[in-house]
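Chemist: The chain contents come next:
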Amino acid sequence: MATSAVSFGALVTLEELVPSSPQFTQGASLRVTGKLQEYDIETAIASIVEGNASLKIDTQHLKVNLRIGSLYQFIGELLIDPSNQAILRARVGRNVDGMDLNLYHQSLQLLRDFQAEQMNSTTS
Amino acid sequence: MDALYNTHVKLLAFDFLKLTPSPTEPSSFFRRGKRLSRAETVGIVVTRDLKPGKFVKFTIDDGSGCISCVLWLNQLNSSYFSRRNPSDVRLIAQAATDFASDLQLGVLARVRGRITDYRGALQISVSDVVVERDPNMQILHWLDCMRLARQCYD
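In order, the protein sequences belong to chains A and B.
If you're matching positions, the first sequence starts at 1 in full-length UniProt numbering and goes up one per residue.
If you're matching positions, the second sequence starts at 1 in full-length UniProt numbering and goes up one per residue.
If you are wondering where the hints come from, they were derived from the structure by calculation, not from laboratory data.
Which chain A residues face chain B? A few, computed with CB under 8 angstroms, are given here:
no., residue
1, V6
2, G9
3, L11
4, V64
5, I75
6, M99
7, L111
8, F114
Small disclaimer: the values here were computed from a predicted structure and weren't measured.
Ideal Cβ positions, reconstructed from N, Cα and C, are used throughout, including at glycine.
If we strip away everything but chain B, and leave its shape as in the complex, we get (with noise of 0.2 angstroms):
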């Protein structure tokens, strides 16, 4: 039952949307009975909100819908890191940085990371970034999710 729970789930946004949080767990959801807590998604940046140092909210449109993102920017001051090494906190403050600043309005985005519920809402916090050069990669991403969906995750 559990064996997706810790996968980067290739979801299409309609899909993502349908997602239901677990009564019990905050950072689980449901999709057809089986538990999820990441997801990845391939789409267009359509909107684009930073708050220098503390986070950047965009939303991916992968033409079956809109996912909203959360990309926290706060590493550097923020108590949750404040246990860890200061030099893999820089390390990841920075490649949050330059994720940031790779999220254009209009790239092709390849985004991973938890699901979460902000106000009702899910959204993906976002952990991973790639721009796609290849407009063909959200093709793919389509074709990739509905022979996942029909094959592993139903």
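So here's chain A without its partners, still in its complex pose (with noise of 0.2 angstroms):
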């Protein structure tokens, strides 16, 4: 059957976002989560943190109150730029403080792995 016409944005950690993985690449929908680190309101670029890897949100599209400090959620398109610097150029955001970030990485994994195996599995 014909799928949606959006491009669903693929669940990715920013630990993950290195220009070796398969979701570094032009024009990539993603999800991205991580704590607002910078925002720049003359530019709207802001800046999210998750461990120790960072990533640029351009989020000039977003009707989102930005707070530093706490947790939020982007789905857009990855855009890199000759030098391999990258960002994600949102299209939805929203806060999610409360969220159990240990739950939701064992949860990415286990999602994945059942991804996998659904797909491994005959089809109706």
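Since each chain sits alone in its own frame, please combine them into the complex, following the hints.
Modeler: Encoded structure:
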């Protein structure tokens, strides 16, 4: 059957998003989560961190109140410049303060295992 | 075989999108040989197209795929509802209008409804919407879907 026109944001952690990873591709639709570290109101460029990794987020299309130190989730497309610097052009963003990040990371792995298992088994 | 037919089956989007329509019954869809008619999803609203008095079409992204949804808003001028008690129809219409205003871009929504096939694409014709305030509900929905698939649906 035909699928939805909009691309889903593949779940990825910031620490996984390195140039050698399959998700690190021009235009990839991703869902990322991290703590807001910086936000420039002039450029609407934010920076989120997760562990030792960070990512710039272009928030110009969003209507979200951003607070330094809060946890956010963004869905959008990855843009990579010639020097291999990445920025996510966000389509959607939301505050996820209160989300259990350990549970999130564990569930993400379970979800990937489940999808692989379902893909490999017989379909209807 | 039909125990799940009238249940709102909790499916991850990638699983929902693999359902196959019944060749004989337009309201039935098959997942691994089991007949389904209703589904429940939880995810972020990533598109929203409102036609006041007609419908709101929106897309739910649950991290495994996107599900198209339609919420009808035409109850007050639809011939389908003209045979029903007008006060009931007004309540249904008001609930639908309230759901439509809750469905804003970026919210985490739990959506239930009938599985339908619109021009060859699967969608949910929505009957209920709950906007989830707790971001952990997305994670719990993933875990529910995986557990139910393994223990009940497969």
